[in-house]
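Could you slot chains B and Z onto chain L? The hints should help.
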Amino acid sequence: MSAVDASPPRKVWQYRTPRARLALWAGWLALVALFVFCWQVMTKDTIWFFVLDAPAQAADIGSRMMPPRWSYLNQLWVPLWDTINIATLGTLLGIIIAVPVAFLAARNTTPSTTLVRPLALLIIVASRSINSLIWALLLVSIIGPGLLAGIIAIGLRSIGFIAKLLYEAIEEIDEGQVDAVKATGASGAQIIDQAIVPQILPAFFGISVFRWDINIRESTILGLVGAGGIGLQLQASLNVLAWPQVTVIFIVILATVVLSEWVSAKVRAAVT
Amino acid sequence: MSAAATLSARERARAWRRPPVLIQSAAWRYTIYIGFLAYLVLASASVEVNIPRIMEGLDRGWRFIEGFLVPDFSSRWTDIRNGLIESLTMTVTSTVVGIIISVPIGIGAARNVAPPAIYLTCRAIIAVSRSFQEVIIAILFVAMFGFGPFAGFVTLSFATIGFLSKLLAEDIEDIDARQVEAVRATGAGWWQVINYAVQPQVMPRLIGLSLYRLDINFRESAVIGIVGAGGIGATLNTAIDRYEYDSAGAILIVIILIVMVSEYASSIIRKRVQ
Amino acid sequence: MLRTEKLTKTYRTGDKALAEVDLEVPAGQILGLIGPSGAGKSTLIRCINRLVEPTSGKIFLKDQEITGLSRSGLKRTRRRIGMIFQEYALVERLSVMENVLSGRLGYVPFWRSFTRKYPIEDIEKAFTLLDRVGLSDHATKRADALSGGQRQRVGIARALEQDPDLLLVDEPTASLDPKTSRRIMRLIAEICRERSLPAIINIHDVVLAQGFTDRIVGLNAGRVVFDGPPDALDTEALTTIYGEEDWAQMRRASDEDEDDDDQASPDIALVASR
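Residue numbers (the working numbering), protein chains in the order written: chain L, 38 to 309; chain B, 1323 to 1596; chain Z, -4 to 269.
With the rest of the complex left out, here is chain L (with noise of 0.2 Å):
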């Protein structure tokens, strides 16, 4: 900084004080020894000569997957289909509980602040912390392996997701219309219908779609645990070593992921 002696300016500029300048190297510091924490305590039981191997692996496995067994196409419609099934009756059920808590939840809707937004949020929160795959391995030990399993997994896992969202969009609300519609000398049910549906139900249909689009993603995993649709071929075929198969799966998987990803963006184009 010897510039600064030899013709001092009038005011000194600095990017950043001192204080923050040493501060942001605490913190920048801080996050590289976490890292560096972690990935000590992650690979302390790696073993390097997998993973060192793993490009030999990839081409292995890549050689057995091909060519892909299109004749196991056939067996696959069935299973297809149920997946589908799944996602969407699963979507419909969470629509079904998750509205109601919804409306619970938001600040401007919630009956009592105090002892049942709570619940509401939790009610989300546990929902929206366990995956879904998670409750398909729970549903799946208590009411047995099948589609109805998946089903409500996807449904319990759509809950926390859609109230979370659409308490969010009602809570964002132009209150305006709401004492408009309340000056009138409406009920509180006449308010919601009113003056609050209009004004979420595009995010509604929104998040319900975008939702949907999510659980077709998911419910094609579900089968590893016994919940039904494409994923119990997908195990079936990982068990007994057959990749062609595995190839064919992942197609038909890609295919319709891709599909539903563009009738969701479609449908939310045309509903918002």
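Keep in mind the hints are simulated off the structure, nothing from the lab. All values reported here derive from a predicted model rather than from experimental measurement. You may find that some hints are simply not true.
To be verified - Simulated pairs of lysine-lysine, DSS-like, Cα-Cα distance not exceeding 27 Å:
{"id": "1", "chain 1": "Z", "residue 1": "Lys174", "chain 2": "Z", "residue 2": "Lys136"}
{"id": "2", "chain 1": "L", "residue 1": "Lys201", "chain 2": "L", "residue 2": "Lys303"}
{"id": "3", "chain 1": "Z", "residue 1": "Lys112", "chain 2": "Z", "residue 2": "Lys136"}
{"id": "4", "chain 1": "B", "residue 1": "Lys1593", "chain 2": "Z", "residue 2": "Lys136"}
{"id": "5", "chain 1": "Z", "residue 1": "Lys11", "chain 2": "Z", "residue 2": "Lys1"}
{"id": "6", "chain 1": "B", "residue 1": "Lys1593", "chain 2": "L", "residue 2": "Lys201"}
What the hints assert, rightly or not - Which residues of chain Z face chain B? A few of them, derived with a C-beta cut under 7 Å, are:
{"id": "7", "residue": "Arg73"}
{"id": "8", "residue": "Arg74"}
{"id": "9", "residue": "Phe80"}
{"id": "10", "residue": "Leu89"}
{"id": "11", "residue": "Leu100"}
{"id": "12", "residue": "Gln157"}
Said to hold, decoys possible - Counterexamples of contact, computed for chain B against chain L with all Cβ distances above 12 Å:
{"id": "13", "residue": "Leu1329"}
{"id": "14", "residue": "Arg1336"}
{"id": "15", "residue": "Thr1353"}
{"id": "16", "residue": "Arg1382"}
{"id": "17", "residue": "Ile1387"}
{"id": "18", "residue": "Phe1395"}
{"id": "19", "residue": "Arg1398"}
{"id": "20", "residue": "Pro1426"}
{"id": "21", "residue": "Arg1452"}
{"id": "22", "residue": "Gly1474"}
{"id": "23", "residue": "Ile1516"}
{"id": "24", "residue": "Ser1543"}
Think of the CB as a built atom: it goes at the ideal place given N, C-alpha and C, for glycine as much as any other residue.
Chains B and Z only, in chain L's frame:
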């Protein structure tokens, strides 16, 4: 002379109906209603409900709820602790590595700052990463890297790229173009434009998205253990297989608590960086 | 100083924004560019520093041809052309000082701009400029904490920080109230005179243009339809530029406005922009 003027108020009142909410054409509306109803019937028919099996399961269901209300942390504590440590370390490392890889790909996938060739390459990487469920990716990586958290780390890093790059790219495409133009007009180079005009605009959202992804990666780390990619999922899988619902309940409660804490922390951080 | 030869811009949509514009700006001249919306004012200004690529024609700055410069040559030339924008176009989330210093981006290497370690002379100049525009106390504030008029002053300081040979000014008063508009225009005009800096000011407020410029050029549908001193801009000339309108009334209204600078008169801008 409009038609309304020839009708009395009473007649017009009788003719009034609530306007359709979503689909204007009546024909389309009913087609969609009927089609959806038909689908529901068909789909429901494909679901086999095994009543005796469910009745049998009700008892187990009740025991699960009991286990959830009165969780047992102690009998499987070592397993839970090791699983959690694996999950948490996997989450941190994969998020950090994922962010480091995502940022350049996200910038490359933004149409307004990247040249066309780079744009297409980055979009292709994103599409590949997003198409498959984490669990399917985990199956492949476990086959490649062997069982354990390293495969999980690779899986989550890979999945992070698709998520973060895509949202970052969309955010960059949405920035205020005038600020970019103004900086470019000073004679700034490409890197300077990124540093002065793009970075300040997207930084808060990048931080928010990274925290959100940290949260998602933790939740996913609890799942990919089921297919052998390390983490708490393996512990959970064992507990449920052995019908140890009180231990399973304990694990689920731990997961929920960690997700709650991380959501709360990230909401505070997000408010501060605004 | 600045010369354009048959400058033409046709957008990909087929819209012809500029048609063979020949223009010469001598050193030290303040040129007001007026014309109805869509006449090509913005395009003309942006063609000069090639934020918009001209379709054909040539531009010379001090005998250097700007059209046909390489990328690095273009950057070196852009830094000699300061630009002031409509709605300020500051990087909102950076501090006032960083915004002013961003005028040096074309001069400093990336590492300096990235670490914000600008040469001391640059920072000193930035302080002097902030003093000149009356914002010396606001250097460390974030740009989005300032009012509209203050932000435009930062925009002016940023352009001057480039040590420009030419100033391009795009609708500097578009989002300001009448009083602030006059002050900003006066500031720009004063600074240009102090440094005998030529400027092209694209403005849709005819009265302001007449009040603060040496020469007026009227554009209509991409062609120069008027070129002369501000006094020569009579009703007939306005009709050629903008089309038929009650110009006499506008003048009367503006005369009343002259008497009282503080009096807001929204009609003027409205009429003039028609």
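Tested hints:
{"no.": "1", "hint": "Z:Lys174 to Z:Lys136", "verdict": "holds (24 Å)"}
{"no.": "2", "hint": "L:Lys201 to L:Lys303", "verdict": "holds (23 Å)"}
{"no.": "3", "hint": "Z:Lys112 to Z:Lys136", "verdict": "holds (19 Å)"}
{"no.": "4", "hint": "B:Lys1593 to Z:Lys136", "verdict": "holds (19 Å)"}
{"no.": "5", "hint": "Z:Lys11 to Z:Lys1", "verdict": "holds (13 Å)"}
{"no.": "6", "hint": "B:Lys1593 to L:Lys201", "verdict": "holds (19 Å)"}
{"no.": "7", "hint": "Arg73", "verdict": "holds (4 Å)"}
{"no.": "8", "hint": "Arg74", "verdict": "holds (3 Å)"}
{"no.": "9", "hint": "Phe80", "verdict": "holds (5 Å)"}
{"no.": "10", "hint": "Leu89", "verdict": "holds (5 Å)"}
{"no.": "11", "hint": "Leu100", "verdict": "holds (4 Å)"}
{"no.": "12", "hint": "Gln157", "verdict": "holds (6 Å)"}
{"no.": "13", "hint": "Leu1329", "verdict": "holds (27 Å)"}
{"no.": "14", "hint": "Arg1336", "verdict": "holds (22 Å)"}
{"no.": "15", "hint": "Thr1353", "verdict": "holds (15 Å)"}
{"no.": "16", "hint": "Arg1382", "verdict": "violated (5 Å)"}
{"no.": "17", "hint": "Ile1387", "verdict": "violated (10 Å)"}
{"no.": "18", "hint": "Phe1395", "verdict": "holds (17 Å)"}
{"no.": "19", "hint": "Arg1398", "verdict": "holds (16 Å)"}
{"no.": "20", "hint": "Pro1426", "verdict": "holds (18 Å)"}
{"no.": "21", "hint": "Arg1452", "verdict": "violated (9 Å)"}
{"no.": "22", "hint": "Gly1474", "verdict": "violated (9 Å)"}
{"no.": "23", "hint": "Ile1516", "verdict": "holds (18 Å)"}
{"no.": "24", "hint": "Ser1543", "verdict": "violated (10 Å)"}
Checked against the numbered hints above, the structure violates hints 16, 17, 21, 22 and 24; every other hint is satisfied.
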